[in-house]
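Single-letter residue listing:
There are 2 protein chains.
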Amino acid sequence: MAILVQKFGGTSVANAERIRRCAKKVIKAVKDGYQVVVVASARGHQTDELIADARELNKNPPTREMDQLLSTGEQQTVALFAMALHAMGYEAISFTGGQVKMLTDSAHTKARIKSIDADRIRKHLDQSKIVIVAGFQGVDENENITTLGRGGSDTSAVALAAALKAKECEIYTDVDGVYTTDPRIFKKAVKMQQISYDEMLELASLGAGVMHIRAVAFGKNYNVRIHVRNSANDNEGTVITHEVPKMEGVVVSGATVQKDMAKITLVGVDNVPGNAAKLFARLAKAKVVIHDIIQTELSPKKANLSFMIAIPDLDTAKEAAENIKDELGCESVFIRDDVALVSVVGVGMRTHYGVAEKMFGALAKAKINIDSITTSEIRISCAIDRKQAEKALKAVCVAFELDKPAIQRSKT
Amino acid sequence: MAILVQKFGGTSVANAERIRRCAKKVIKAVKDGYQVVVVASARGHQTDELIADARELNKNPPTREMDQLLSTGEQQTVALFAMALHAMGYEAISFTGGQVKMLTDSAHTKARIKSIDADRIRKHLDQSKIVIVAGFQGVDENENITTLGRGGSDTSAVALAAALKAKECEIYTDVDGVYTTDPRIFKKAVKMQQISYDEMLELASLGAGVMHIRAVAFGKNYNVRIHVRNSANDNEGTVITHEVPKMEGVVVSGATVQKDMAKITLVGVDNVPGNAAKLFARLAKAKVVIHDIIQTELSPKKANLSFMIAIPDLDTAKEAAENIKDELGCESVFIRDDVALVSVVGVGMRTHYGVAEKMFGALAKAKINIDSITTSEIRISCAIDRKQAEKALKAVCVAFELDKPAIQRSKT
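One line per chain: the protein sequences are A and B, in this order.
Counting the first sequence from 1 gives a position; this note's numbering is that position plus 950.
Counting the second sequence from 1 gives a position; this note's numbering is that position plus 950.
What the hints contain is simulated information worked out from the structure, not anything from laboratory work.
Any given hint could turn out to be false.
Pair ranges (Cβ atoms, derived) [as the list claims (entries may be wrong)]: (1) A/VAL1348 to B/ASN1092: 53 to 61 angstroms; (2) B/ASN1092 to A/PRO1223: 54 to 62 angstroms; (3) A/TYR1172 to B/GLN1077: 35 to 43 angstroms.
Listed next, the in silico DSSO-like pairs over lysine-lysine satisfying Cα-Cα at most 30 angstroms (straight line) [unchecked claim]: (4) A/LYS1268 to A/LYS1235; (5) B/LYS1051 to A/LYS1079; (6) B/LYS1115 to B/LYS1141; (7) A/LYS1051 to B/LYS1051; (8) A/LYS1073 to B/LYS1060; (9) A/LYS1196 to A/LYS1117; (10) A/LYS1079 to B/LYS1060; (11) B/LYS1268 to B/LYS1252; (12) A/LYS1268 to A/LYS1237; (13) A/LYS1073 to B/LYS1051; (14) B/LYS1209 to B/LYS1170; (15) B/LYS1209 to B/LYS1341; (16) B/LYS978 to A/LYS1009; (17) B/LYS1009 to A/LYS974; (18) B/LYS1060 to A/LYS1051; (19) B/LYS1073 to A/LYS1009; (20) B/LYS1064 to A/LYS1079; (21) B/LYS1009 to A/LYS978; (22) A/LYS1251 to A/LYS1235; (23) B/LYS1051 to A/LYS1064; (24) B/LYS1235 to B/LYS1252; (25) A/LYS1209 to A/LYS1235; (26) A/LYS1228 to A/LYS1275.
Derived coverage of chain A by chain B (criterion: at least 3 residues anywhere in the stretch with Cβ under 8 angstroms from a Cβ of chain B; other residues may be distant) [stated by the list, open to error]: (27) 960-971; (28) 1011-1020; (29) 1024-1035; (30) 1044-1053.
In this text, a Cβ means the ideal position worked out from N, Cα and C, and glycines have one as well.
Bound conformation, chain A alone (with noise of 0.2 angstroms):
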């Protein structure tokens, strides 16, 4: 039989009734010839209720604690979903990560998955039962309970997806797939049929929230077909796959906007070897995620390098770049703060021309002037003033025709 692995997140689970809604969501599938394996997240904003509790007695708890009081909310959540289902005349049996033996190092708050054993939930499937996973969590060597930590219960599924092959990776949401951009911004978006797991690993470090990075990168690397569907109807979602030929034929097929970001610029560095380095070496340390990086030179001696960070980065890294800034022989160090990030994404970049130019002209013709342009394979990202943040990701998704189904637009 089949095995199919359906994770509900913290919203799909917040209360009785939504629980029940999710177990019957478990119960079609069974009804449908599916062994279930359901990976739940702790309800609703429980996590931020314990983080709290644990505050008022520690500015900075151990993390190995604070791995032992979070794992307690999925532990609730598979318990009463367990509850649900027996309700409902399902067997259905509950497992913390540490029961599972979900082995993970001993990064406590931000652990890695080592290896699943995969034979106990085979046993219970092969005995009829839904099996019912705490997702976020897993224990050490030493059983020492640990979390995955951001997008940690996507990661659990979709790892149990790749130990036990499932046929697929549902991720149940509160959205009904992953769409060409932000509806909010753009209300012509549309939902995706399908997107490969690079796309989507991009869209995801653009701030695409849909899905987490590392829980994508599993996918990718394990080869497992994952399904964001939305746990509020029975609408067809977004499939995450490896590339198909027939996604080449489009260009692109999202664009994303990051309003808060900034863009330090150290302004005549010594372009000697090993400059770069120990800048972003100390930027590091200093716990600084960096998104894209310029340089440019100015002389054969000299050169400007410009990097863009979040703004919530933007103080710890002005000092950390004030204080390493005579060692790299830098004259000043300019900021801008109101900066926006809009960017485009698709794999027919690889074999398109012309997307970079259809990107600047309809910025150009909307009157934003770019201030900086990094690229990746499948990615243009154009640095904007922020201001125009969202006018920019409208003429960028009318120009691409993210309004409409992949199938339907022009092949550039």
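Following the hints, complete the assembly by docking chain B onto the known chain A.
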């Protein structure tokens, strides 16, 4: 180094401020030179809230899932307790029942402890850490989480004290210790300095709520010195220990009254072997808890068979009695649902005469009629009219001088 086990109940750890207060008691013990193991219950009303969450989804939830759910309450407390100690500058590590291999049978919601692996705890104690263990919970041989039922955290604490050969097991609660009687009824009740396991077992079975009967029995069997104390102050509490010679001088240690009792009498039962067994087997099957049994012969062929039960069990017991009536040749079933049971307990009764006489005398003087009398080796109980319950308790307390410390009482 001597080991001290300190157990804190749900009220004592209900919020951050109270957890810190408990943590200070732990630190004091560390400063006094002890290696300390803390056992903690779920915070405040959390267990009740989780039970309500479960019932919302399933009126009769599977017990395995109930344990999976409820065990999270204690797990949260121990993690928070460890964080509090860290914030105060002390190394601490928390464990679930499973992590310290608190092995139980598989009787979910009322599991019995089979063994404890004390090695992991000792290892951390020897690294100068304070060890915090979740009470109330264990795991069975298949790593299913189990809970120990009512009074489970007390039992966990006493079991850990036994396994670790602790010097003492402190049970912190919201009262100063064990009182000679209920101070809400007899205001002059005094706290006992010490009490024997057997007396405490009798008092616990008579509804004196301070400690659960299972924990006391465990303490008796494994020779654990138990110290019942108040988490809100530093007063010495009551030590529960083996009988010491001076205890014999105390004729009556404590008195209790159980107000919501009923008495069922089967009138004129055929006095043949096996009839009583049949009746009580039927009652056990109906899960009725029997308090006292009184049989009196009416004639060589007929007897009256009475038993005391708590009011909540009355309907079930009545139905069972009516159903089996004819089979026992019983003429009629007589119910008294207005009974209270006043009892005195003391190991001194074994060696002293006149206790019964003094009790009956005190009741007579207060013009209280005695419906029936039952005794054990260290207890005398009288069933009386419920309306006279408090008056009866007071009369008995005055007669046995339960307003004075044991050593000041006259040795009748």
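Hint check:
no.: 1; hint: A/VAL1348 to B/ASN1092: 53 to 61 angstroms; in the structure: 60 angstroms, holds
no.: 2; hint: B/ASN1092 to A/PRO1223: 54 to 62 angstroms; in the structure: 59 angstroms, holds
no.: 3; hint: A/TYR1172 to B/GLN1077: 35 to 43 angstroms; in the structure: 39 angstroms, holds
no.: 4; hint: A/LYS1268 to A/LYS1235; in the structure: 13 angstroms, holds
no.: 5; hint: B/LYS1051 to A/LYS1079; in the structure: 27 angstroms, holds
no.: 6; hint: B/LYS1115 to B/LYS1141; in the structure: 27 angstroms, holds
no.: 7; hint: A/LYS1051 to B/LYS1051; in the structure: 16 angstroms, holds
no.: 8; hint: A/LYS1073 to B/LYS1060; in the structure: 26 angstroms, holds
no.: 9; hint: A/LYS1196 to A/LYS1117; in the structure: 22 angstroms, holds
no.: 10; hint: A/LYS1079 to B/LYS1060; in the structure: 24 angstroms, holds
no.: 11; hint: B/LYS1268 to B/LYS1252; in the structure: 21 angstroms, holds
no.: 12; hint: A/LYS1268 to A/LYS1237; in the structure: 13 angstroms, holds
no.: 13; hint: A/LYS1073 to B/LYS1051; in the structure: 24 angstroms, holds
no.: 14; hint: B/LYS1209 to B/LYS1170; in the structure: 28 angstroms, holds
no.: 15; hint: B/LYS1209 to B/LYS1341; in the structure: 12 angstroms, holds
no.: 16; hint: B/LYS978 to A/LYS1009; in the structure: 23 angstroms, holds
no.: 17; hint: B/LYS1009 to A/LYS974; in the structure: 18 angstroms, holds
no.: 18; hint: B/LYS1060 to A/LYS1051; in the structure: 26 angstroms, holds
no.: 19; hint: B/LYS1073 to A/LYS1009; in the structure: 28 angstroms, holds
no.: 20; hint: B/LYS1064 to A/LYS1079; in the structure: 29 angstroms, holds
no.: 21; hint: B/LYS1009 to A/LYS978; in the structure: 23 angstroms, holds
no.: 22; hint: A/LYS1251 to A/LYS1235; in the structure: 27 angstroms, holds
no.: 23; hint: B/LYS1051 to A/LYS1064; in the structure: 24 angstroms, holds
no.: 24; hint: B/LYS1235 to B/LYS1252; in the structure: 25 angstroms, holds
no.: 25; hint: A/LYS1209 to A/LYS1235; in the structure: 25 angstroms, holds
no.: 26; hint: A/LYS1228 to A/LYS1275; in the structure: 10 angstroms, holds
no.: 27; hint: 960-971; in the structure: holds (count 3)
no.: 28; hint: 1011-1020; in the structure: holds (count 7)
no.: 29; hint: 1024-1035; in the structure: holds (count 8)
no.: 30; hint: 1044-1053; in the structure: holds (count 4)
Of the numbered hints stated above, none is contradicted by the structure.
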